[in-house]
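*Asks:* What follows is each chain in one-letter form.
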Amino acid sequence: MHGLINRSLQIFLQDNYGPAKWVEMSKKAGAPTEGFEAMLSYDTGVTHALLESAESVLGKPRAALLEDLGSFIVSHGNEERVRRLLRFGGEDFVGFLHSLEDLRDRAQLAVPDLDMPVIEVRDEPPTRFQLICSEPFPGTSQVLQGVLWAMADDYGALVLIDLVPPSKPGEAAEISIELLDSSHTEGRSFRLASGAG
Amino acid sequence: MTTIQKTLSDAALAQLMPMSMCISGEGMITFAGPTLNKICPGRELVGAHVLEVFEVKRPRGTHALAQLLKQLGGQVHLGFVGQKDKGTLRGVWARTEDGGAVINLSFGIGVVDAVSTYDLNLGDFAPTDLAVEMLYLVEAKSAVTGELNSLTRRLENARNEAEKRAFTDTLTGLHNRRAMDAALARLIDGARDFALVHIDLDFFKQVNDTYGHAAGDHVLVHVAKVLCAEIEEDDLAVRIGGDEFLLILADCVSREALMKIALRVIDGLEVPIDFGDAVCRISASIGIAQSTLYAEPNADRILADTDTATYASKHAGRAQATMFEDLKSQQKQAAV
Chain A
1 MHGLINRSLQ IFLQDNYGPA KWVEMSKKAG APTEGFEAML SYDTGVTHAL LESAESVLGK
61 PRAALLEDLG SFIVSHGNEE RVRRLLRFGG EDFVGFLHSL EDLRDRAQLA VPDLDMPVIE
121 VRDEPPTRFQ LICSEPFPGT SQVLQGVLWA MADDYGALVL IDLVPPSKPG EAAEISIELL
181 DSSHTEGRSF RLASGAG
Chain B
1 MTTIQKTLSD AALAQLMPMS MCISGEGMIT FAGPTLNKIC PGRELVGAHV LEVFEVKRPR
61 GTHALAQLLK QLGGQVHLGF VGQKDKGTLR GVWARTEDGG AVINLSFGIG VVDAVSTYDL
121 NLGDFAPTDL AVEMLYLVEA KSAVTGELNS LTRRLENARN EAEKRAFTDT LTGLHNRRAM
181 DAALARLIDG ARDFALVHID LDFFKQVNDT YGHAAGDHVL VHVAKVLCAE IEEDDLAVRI
241 GGDEFLLILA DCVSREALMK IALRVIDGLE VPIDFGDAVC RISASIGIAQ STLYAEPNAD
301 RILADTDTAT YASKHAGRAQ ATMFEDLKSQ QKQAAV
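First to last, the protein sequences are chains A and B. Each residue of the first sequence is one higher than the one before, counting from 1 in the UniProt record's numbering. Each residue of the second sequence is one higher than the one before, counting from 1 in the UniProt record's numbering.
Hint data in this document are derived by calculation from the structure and do not stem from the laboratory. Backbone N, C-alpha and C define an ideal beta-carbon position, used for all residues, glycine too. Treat the hints with caution; some may be incorrect.
Claimed, not checked - Listed next, the in silico DMTMM-like pairs over lysine to aspartate or glutamate satisfying Cα-Cα at most 25 Å (straight line):
1) 38(B) with 186(A)
2) 141(B) with 101(A)
3) 141(B) with 178(A)
4) 38(B) with 101(A)
Claimed, not checked - Rough simulated footprint, nothing fancy, chain B against chain A, three-plus residues with beta-carbon under 8 Å:
5) 30-44
6) 80-92
7) 108-121
8) 180-194
Work out the full structure: start from the sequences and follow the hints.
*Replies:* Right, here's the structure in full:
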């Protein structure tokens, strides 16, 4: 598992639940308590173990944890880099949804060994969209669901999101999105120039 | 040759090529795309002569527009008249049937600066333009480089820390044998004069046996303090074993100076050391050898000779210092 993903999970757990809980969870999972290195690779077993211990220490189901992680990656952490990189995808929420088909290729342009899901976007006009999302890691689609909530918020769109997890491990998940209002709120501003928000 | 009649409305042109403009055969701008207009604020492009606004930088030496329009088309670099700092636009132009031209422009590599200078957004670029992908990459690359830099910094710190630890005696903070070997090799390679002062504690075993190892450790830390007071920047204080220490003194070979240092060390070590309710008393036997005694100094040899001198001090009743050169001359006299 790429260090970027483990580190995102670490910062999410530390920021949301405090350093003491992080130490407890990481010790229990055999994960490095001092933290992951973003640019190194780790055994996938560590990520599984960390999620398991987070579930039991926090008493929170994994699906909810992963969804919160997805929203956290977009709206907190790392000077909003992920949010900005995602906003490059489109001018409005629909443009952004379409750009998800390029997400894997885009991410790998920057970090070639980052394992991202393959996402297929199906339009069901006028307001429904269906995302078929592969799961390189079980629960990937739940993280994506959190990302979608946060990005809808960012664009100011009002949406309903429904996730049907894969029936068998290794199969794709289906996320259906209903766009109720593409400009429900003003959303947050985005400028191409870096450092401009 | 196939000829297809193609006519594009201004709106279509604007959508296809937001950075394009059309000029008439006389060089008057008849159309300017929305992004081109955006980067020339306060200036009405349509109706102006193209050379009032733009300066042809390539092809080089092309001043007369007529000359340019004689050709069918080609690459062109345009600057802004009177605004050198605005950079250069790159583009391609093609002649139109009415004798004018369509020129499609882009920022080239200057796009990173251009987006912040003109506050450009996604909609200002044609979807076929890879400018946005490039900006995305620049930003992703800086993020990755930032992470890599901080990883390199952390590794560098860890390396320095590990190196320091590898050369340090953990109890006393003095240097260890590995550091001693490196320092001696450096001095000998650099052909510098130096002296070794070998210190072997007296009565240390009694302290350990009577008051325990904690007291012993306390005494060793105290010894380190006394020794550190005697060294200068280029010198080294080393703990070479249990209760054995060594001073490596660079450029200091006078016997008077060395004896003075040795006696000061003995005096310093003989001051009783408090440890809880206990009072620990130690002293030291010292042996000294200078590199100048040897035609070709060799670390092992000099160390062995300081050992011999230290043994002589012990043998003579402890709490004293012996210069190896004195032993040598005594040996010579004995031989005579």
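*Asks:* Hint by hint, note whether the structure agrees.
*Replies:* Here is what the structure says about each hint:
Under the criterion of a C-alpha separation no larger than 25 Å, the hint pairing residue 38(B) with residue 186(A) is consistent with the structure, at around 24 Å. Under the criterion of a C-alpha separation no larger than 25 Å, the hint pairing residue 141(B) with residue 101(A) is consistent with the structure, at around 21 Å. At most 25 Å may separate the alpha-carbon atoms for a hinted pair to count; residue 141(B) and residue 178(A) exceed this at roughly 34 Å. Between residue 38(B) and residue 101(A) the CA atoms are separated by roughly 31 Å; this puts the pair beyond 25 Å, and the hint is violated.
Counting residues of the region 30-44 of chain A whose C-beta lies closer than 8 Å to any C-beta of chain B gives 4; at least three are required, and the coverage claim holds. For the region 80-92 of chain A, the stated coverage by chain B is satisfied: 6 residues place a CB nearer than 8 Å to a CB of that chain, which reaches the threshold of 3. With 3 residues having a beta carbon nearer than 8 Å to a beta carbon of chain B, the region 108-121 of chain A meets the requirement of three or more and the stated coverage holds. Under a criterion of three residues with beta carbons nearer than 8 Å to beta carbons of chain B, the stated coverage of the region 180-194 of chain A is upheld, 5 such residues being counted.
Of the numbered hints given earlier, the model fails hints 3, 4; all others are met.
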